[in-house]
Structure formats: structure tokens, C-alpha cells
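Using the sequences and the hints, build the whole thing.
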Amino acid sequence: MNEFFRSLITIVSVVAIPLMFLLFLGWGLIKKVKVYEVFVEGAKDGFTVAIKIIPYLVAMLAAIGIFRASGALDLLITVLAPATALIGMPPETLPMALMRPLSGSGSLGIMTELMKVHGPDSLIGIMASTMYGSSETTFYVLAVYFGAVSIKNTRHAVPTGLIADLAGMLAAVWIVNLLF
Amino acid sequence: MLNYIWIGLILLGLFAAVGNDISDEVRDTYRNGKVLEGTLEIRKSPSAIRGTWEGDLSISRDAFNAFYGAERTDADVRQAVVIATGTDSVQAIHLPITPATPAWWREIVKSAGSKERLTGTVTLLALAEDGSTARIGFTLEPIQFVKLRAVTQAALDYAGIAVNIALGLIGIMALWLGVMKVAEEAGLLLIVTRALTPLTKRLFPDIPSDHPAVGAMIMNIAANMLGLSNAATPMGLKAMEELNKLNPKAGTATNAMITFLAINTGGLILIPATAIAVRAAAGSGNPGIIIGTSIVGAGCATIAGVAASKLLQRLPRYKKAMEVSHE
Numbered sequence: 007m008n009e010f011f012r013s014l015i016t017i018v019s020v021v022a023i024p025l026m027f028l029l030f031l032g033w034g035l036i037k038k039v040k041v042y043e044v045f046v047e048g049a050k051d052g053f054t055v056a057i058k059i060i061p062y063l064v065a066m067l068a069a070i071g072i073f074r075a076s077g078a079l080d081l082l083i084t085v086l087a088p089a090t091a092l093i094g095m096p097p098e099t100l101p102m103a104l105m106r107p108l109s110g111s112g113s114l115g116i117m118t119e120l121m122k123v124h125g126p127d128s129l130i131g132i133m134a135s136t137m138y139g140s141s142e143t144t145f146y147v148l149a150v151y152f153g154a155v156s157i158k159n160t161r162h163a164v165p166t167g168l169i170a171d172l173a174g175m176l177a178a179v180w181i182v183n184l185l186f
Numbered sequence: 007m008l009n010y011i012w013i014g015l016i017l018l019g020l021f022a023a024v025g026n027d028i029s030d031e032v033r034d035t036y037r038n039g040k041v042l043e044g045t046l047e048i049r050k051s052p053s054a055i056r057g058t059w060e061g062d063l064s065i066s067r068d069a070f071n072a073f074y075g076a077e078r079t080d081a082d083v084r085q086a087v088v089i090a091t092g093t094d095s096v097q098a099i100h101l102p103i104t105p106a107t108p109a110w111w112r113e114i115v116k117s118a119g120s121k122e123r124l125t126g127t128v129t130l131l132a133l134a135e136d137g138s139t140a141r142i143g144f145t146l147e148p149i150q151f152v153k154l155r156a157v158t159q160a161a162l163d164y165a166g167i168a169v170n171i172a173l174g175l176i177g178i179m180a181l182w183l184g185v186m187k188v189a190e191e192a193g194l195l196l197i198v199t200r201a202l203t204p205l206t207k208r209l210f211p212d213i214p215s216d217h218p219a220v221g222a223m224i225m226n227i228a229a230n231m232l233g234l235s236n237a238a239t240p241m242g243l244k245a246m247e248e249l250n251k252l253n254p255k256a257g258t259a260t261n262a263m264i265t266f267l268a269i270n271t272g273g274l275i276l277i278p279a280t281a282i283a284v285r286a287a288a289g290s291g292n293p294g295i296i297i298g299t300s301i302v303g304a305g306c307a308t309i310a311g312v313a314a315s316k317l318l319q320r321l322p323r324y325k326k327a328m329e330v331s332h333e
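Protein chains in written order, with the working numbering: chain A, 7 to 186; chain B, 7 to 333.
Don't read these hints as lab results, they were simulated from the structure.
Don't take each hint at face value.
[What the hints assert, rightly or not] Within a straight-line C-alpha distance of at most 25 Å, the following computed DSS-like cross-link-like pairs (lysine-lysine) qualify:
1. B:Lys207 / B:Lys316
2. B:Lys255 / B:Lys316
3. A:Lys158 / B:Lys326
4. A:Lys122 / A:Lys58
5. B:Lys207 / B:Lys251
6. A:Lys158 / B:Lys255
7. B:Lys316 / A:Lys158
8. B:Lys116 / B:Lys50
9. B:Lys325 / A:Lys158
10. B:Lys207 / B:Lys121
11. B:Lys251 / A:Lys158
12. A:Lys58 / A:Lys40
13. B:Lys316 / B:Lys251
14. B:Lys251 / A:Lys58
15. B:Lys326 / B:Lys255
16. B:Lys325 / B:Lys255
17. A:Lys40 / A:Lys50
18. B:Lys251 / B:Lys326
19. B:Lys325 / A:Lys50
20. B:Lys316 / A:Lys58
21. B:Lys316 / B:Lys326
22. B:Lys40 / B:Lys207
23. B:Lys207 / B:Lys116
24. B:Lys251 / B:Lys325
[What the hints assert, rightly or not] Not everything, but these chain B residues come out facing chain A in the computed CB check (under 10 Å):
25. Ile11
26. Thr79
27. Glu190
28. Pro214
29. Ser215
30. Ile224
31. Ala228
32. Thr239
33. Met263
34. Gly303
35. Ala314
36. Leu321
For each residue, glycine too, the CB sits at the ideal point set by N, CA and C.
This is the structure we're talking about:
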């Protein structure tokens with residue numbers, strides 16, 4: 007069942023993009039849209055949007071870079087590690103939970119390292135990979151999406167994103183402890 | 007709040023860097039100025055035209071770890087060295103960094119003057135009787151401010167990475183914005199939008215249900231769930247642009263934008279392909295076992311995020327931020 011579902015989704019994700027091209031552009035052709043002209047008209051915005059993101063992304067990634075390079079994560083882990091036992095979380099997976107919202111490549115590195123040390127099918131390995139799949143890189147998404155429309159006052163976006171991340175991590179700990 | 011998180015990351019980083027550097031200094035982690043001894047197997051001796059010794063330096067694993075006072079290597083050290091006999095009595099030693107160099111030295115060279123070699127001063131050079139080996143002692147250049155240097159480098163590197171990411175987006179942004187424009191003109195987005203109106207009306211009550219923003223958001227969420235991140239980002243940014251057209255206060259995030267981002271940062275994905283690939287590469291017996299658990303985790307994250315966005319938007323301080331002043 008698991009295997010079937012997996013291969014189904016693999017096929018879908020391979021054919022999805024060609025299919026979308028076919029459907030969108032073909033539909034345009036049927037509806038007598040001047041597809042080439044309209045495509046170029048829309049594509050024009052690609053450059054400006056990407057350039058607008060730069061200052062937001064530089065601000066965010068530079069701060070995250072400083073945080074990562076300083077070893078501050080280890081400090082946070084020392085402070086927070088005693089709390090992990092309360093929720094049934096192996097302390098080894100704490101860096102994963104803290105890094106996930108900050109950095110995609112950083113959390114990927116932590117996940118790979120945990121699997122190398124503890125094995126991919128250990129409780130720690132399964133929990134780390136579930137955590138990786140349970141959330142997005144919140145701060146990156148915030149910088150890119152808000153940057154594209156020059157939003158500086160993010161209102162409750164950060165608390166919302168952090169609550170989502172926390173819920174994802176707690177749910178990952180709970181479900182993995184329940185099933186494995 | 008982003009202001010505080012942002013400055014918090016930077017300050018925490020800077021304080022941690024200073025703290026770590028002081029702690030390294032106090033604990034003498036790098037053994038600055040201390041003499042390390044080893045055996046040199048001489049390959050080339052100085053001649054009339056070349057004033058250098060060349061050879062391989064051997065230090066036993068135990069001696070290396072004892073010197074640094076920690077488990078720094080799990081094998082005996084064998085390292086190519088060049089000793090230059092200077093005009094005065096001081097002899098300089100160079101340790102070129104190669105893949106065979108112990109990991110600890112490869113680590114500390116990042117904070118050294120040159121990234122290609124560690125340098126030091128020879129304090130002892132005693133030739134064996136047959137002249138093929140020598141007992142040498144040397145001190146390495148002092149290593150200081152490792153974390154502060156790393157922090158500086160990271161700030162510069164990541165600024166560059168940010169620009170590369172943004173520039174890398176230009177192509178796929180243009181491609182997908184073009185395709186989306188055709189779909190919009192052909193009325194296809196409207197069909198998708200209408201099909202999901204009952205759901206989107208609840209999630210985004212402020213947005214007219216036929217608005218192009220709704221279609222772009224649906225496409226973005228669908229692409230994300232299929233793991234097509236290359237397509238999802240341009241669609242998401244298109245959705246943000248459309249949402250911003252309805253924004254009464256430029257530069258401030260609207261409720262709809264934040265709910266949309268909550269769904270996005272929840273990261274609901276049907277097949278977490280990256281995690282599965284890493285598991286498979288690490289030799290897992292069942293790499294796909296995390297599909298179900300990830301869906302539960304990301305599902306909870308998404309639900310909590312949407313609920314949080316709906317609850318927090320009622321708080322007075324966030325309501326006030328949205329008020330348009332009429333002056």
C-alpha cells in the first residue's frame with residue numbers, strides 16, 4: 007500500500023509539470039489566446055520580482071548565517087535539552103527542531119548526520135526525518151514571499167509561522183513515539 | 007516581531023561567538039605556542055640550490071590526542087611538511103592541507119592566515135644517525151578568534167548566497183509567470199478557483215472569491231503538495247502580488263497573506279522526497295516509512311498555523327497595524 011502510494015505520487019510529480027504546460031497553453035490555444043504574446047507579457051515580471059527579493063533575503067540569510075557560524079545553537083541546546091525529556095523527545099533531535107525553521111540546508115545536514123550516527127531506522131533517525139518532512143523553512147519563506155511585495159511590517163506572520171513549526175515538531179515527536 | 011527575531015539571531019550569534027572564543031582561549035583549545043613533537047621521514051635534504059627539508063611528519067594517534075587534550079583524531083597522523091631553513095636561526099615549517107591532513111587541522115586552518123597551509127616555527131630538529139629520519143618539535147601559528155572570524159565570513163558568504171538564490175529565481179519566475187498569465191487569460195484559473203470556492207471563502211474571507219489571487223494560491227498549494235518546489239515558488243509569489251493589489255496599506259501584511267503563508271510554512275507535502283532520498287542513501291530498510299508520519303506532522307503544523315493566523319489577527323495590536331490613517 008505504502009509502496010503503491012509512493013510510486014503513484016512519484017509518477018504524478020514527474021508528469022505534473024509537462025501536463026500543466028500542455029493543459030495551460032493548450033487551453034489558451036482553444037480559447038484563442040495569443041499564447042506567445044501573453045506568455046512574454048507575463049514573463050516580463052520575473053526579473054523585477056526576483057530582484058525585489060534580494061534585500062529581504064540578504065537581511066534574513068546574513069542573520070541566520072551569523073547565528074549558525076557562532077555556535078549559538080549549541081548554547082540554546084544546552085539550555086533547552088532538559089525540557090526534551092518531558093515530551094518524550096530524544097535530546098539528539100533537538101538541533102533538528104531548532105534548525106528546521108531557520109535553514110533548509112542546515113537542517114538537511116543535521117538530519118544526514120543523525121542518520122549516519124544513529125542509523126536511519128532508529129527512533130532518532132525516523133524522528134529526525136519526520137521532523138524534516140513536517141515543516142518548511144519558515145524564515146526563508148517569510149523573506150522571499152514578503153520581499154516580493156515589499157512587505158516590511160509582517161504583523162502576526164512570525165508568531166503564526168513559529169506556532170505552526172512548534173505544532174509540527176510536537177506532532178512529529180508524538181506520532182513517531184506512538185508508532186515506533 | 008520579525009524585528010526582534012532578526013536582531014535576536016544576530017546578537018545571540020555575536021555573543022555566542024565572543025563567548026566561545028574566550029572559552030577557547032581559557033581552555034587553550036588550540037595549544038597556541040606549545041611544542042608538538044613528531045618524527046620526520048626525510049625525502050629531500052637541503053642542498054646548495056634548495057634550502058628546504060621535505061618529508062612526512064608522523065605523530066601517533068595517542069600523542070596527537072594527548073597534545074590537544076581531546077579526541078581529535080582516530081588514526082595516526084601522517085602529514086607532508088616542508089621546513090625552510092631561514093637566513094637566521096629560525097626555521098619555518100609549512101603543513102600543506104591535503105585530504106590526508108587530520109580533520110582537526112583542516113578545521114583550524116579555516117582560522118589561520120593561509121587557507122592552504124598551516125605554518126609554524128621549528129624548535130627542535132635532531133637528525134637520526136643514518137640521516138633518513140629526524141625528531142622534530144614545532145609550534146603552530148597561534149589560532150585565535152575562531153568563531154568571530156567564522157561569523158564575519160558567514161555574514162559575507164550568506165549575503166552572496168542570498169543574491170544567488172534571488173538571481174536563480176529569475177528564469178523559473180519568468181517561465182511560470184508566463185504560463186500562469188496564459189492560464190489566466192484563457193479563464194482556466196477561474197475554473198480552478200470556482201471549484202474550490204467553498205473552501206477558499208472560509209480561509210480568505212477578505213478576498214473576492216473570483217479574484218486571480220485565489221487561483222494562484224490554489225496552484226501554489228497544489229504544487230507544494232506534489233513537491234514541485236520550482237513551480238510552487240513562482241506561483242506563490244504571483245499569489246502574493248495579487249493579494250497585494252487588494253492591500254489597503256502598502257508595506258503591511260494583510261490577514262489573507264498571513265493565512266496563506268501559514269499554509270505554506272506548514273509545508274504539507276504528500277511525498278517528502280528529500281528526506282526519503284537521504285534515508286535511502288543512509289541505507290534504510292524502509293525509506294518511505296516516514297511518509298505517513300510526515301503527513302501527520304505537516305498536517306498538524308498547517309492546521310495550527312491557520313488557526314493561529316485566524317486567532318492572532320483579532321488581537322488589538324495586530325488590528326491596529328492594519329488601520330489606514332486618514333490625515
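Taking the hints in turn, this is what the structure says about them:
no., hint, result
1, B:Lys207 / B:Lys316, "holds, 14 Å"
2, B:Lys255 / B:Lys316, "holds, 19 Å"
3, A:Lys158 / B:Lys326, "holds, 15 Å"
4, A:Lys122 / A:Lys58, "violated, 40 Å"
5, B:Lys207 / B:Lys251, "holds, 18 Å"
6, A:Lys158 / B:Lys255, "holds, 11 Å"
7, B:Lys316 / A:Lys158, "holds, 20 Å"
8, B:Lys116 / B:Lys50, "violated, 29 Å"
9, B:Lys325 / A:Lys158, "holds, 16 Å"
10, B:Lys207 / B:Lys121, "violated, 58 Å"
11, B:Lys251 / A:Lys158, "holds, 16 Å"
12, A:Lys58 / A:Lys40, "violated, 29 Å"
13, B:Lys316 / B:Lys251, "holds, 21 Å"
14, B:Lys251 / A:Lys58, "holds, 16 Å"
15, B:Lys326 / B:Lys255, "holds, 12 Å"
16, B:Lys325 / B:Lys255, "holds, 12 Å"
17, A:Lys40 / A:Lys50, "holds, 16 Å"
18, B:Lys251 / B:Lys326, "holds, 20 Å"
19, B:Lys325 / A:Lys50, "violated, 35 Å"
20, B:Lys316 / A:Lys58, "violated, 28 Å"
21, B:Lys316 / B:Lys326, "holds, 15 Å"
22, B:Lys40 / B:Lys207, "violated, 71 Å"
23, B:Lys207 / B:Lys116, "violated, 55 Å"
24, B:Lys251 / B:Lys325, "holds, 19 Å"
25, Ile11, "holds, 6 Å"
26, Thr79, "violated, 18 Å"
27, Glu190, "holds, 8 Å"
28, Pro214, "violated, 18 Å"
29, Ser215, "violated, 21 Å"
30, Ile224, "violated, 13 Å"
31, Ala228, "holds, 9 Å"
32, Thr239, "holds, 7 Å"
33, Met263, "holds, 7 Å"
34, Gly303, "holds, 3 Å"
35, Ala314, "holds, 4 Å"
36, Leu321, "holds, 7 Å"
When held up to the earlier numbered hints, the structure conflicts with 4, 8, 10, 12, 19, 20, 22, 23, 26, 28, 29, 30 and fits the remainder.
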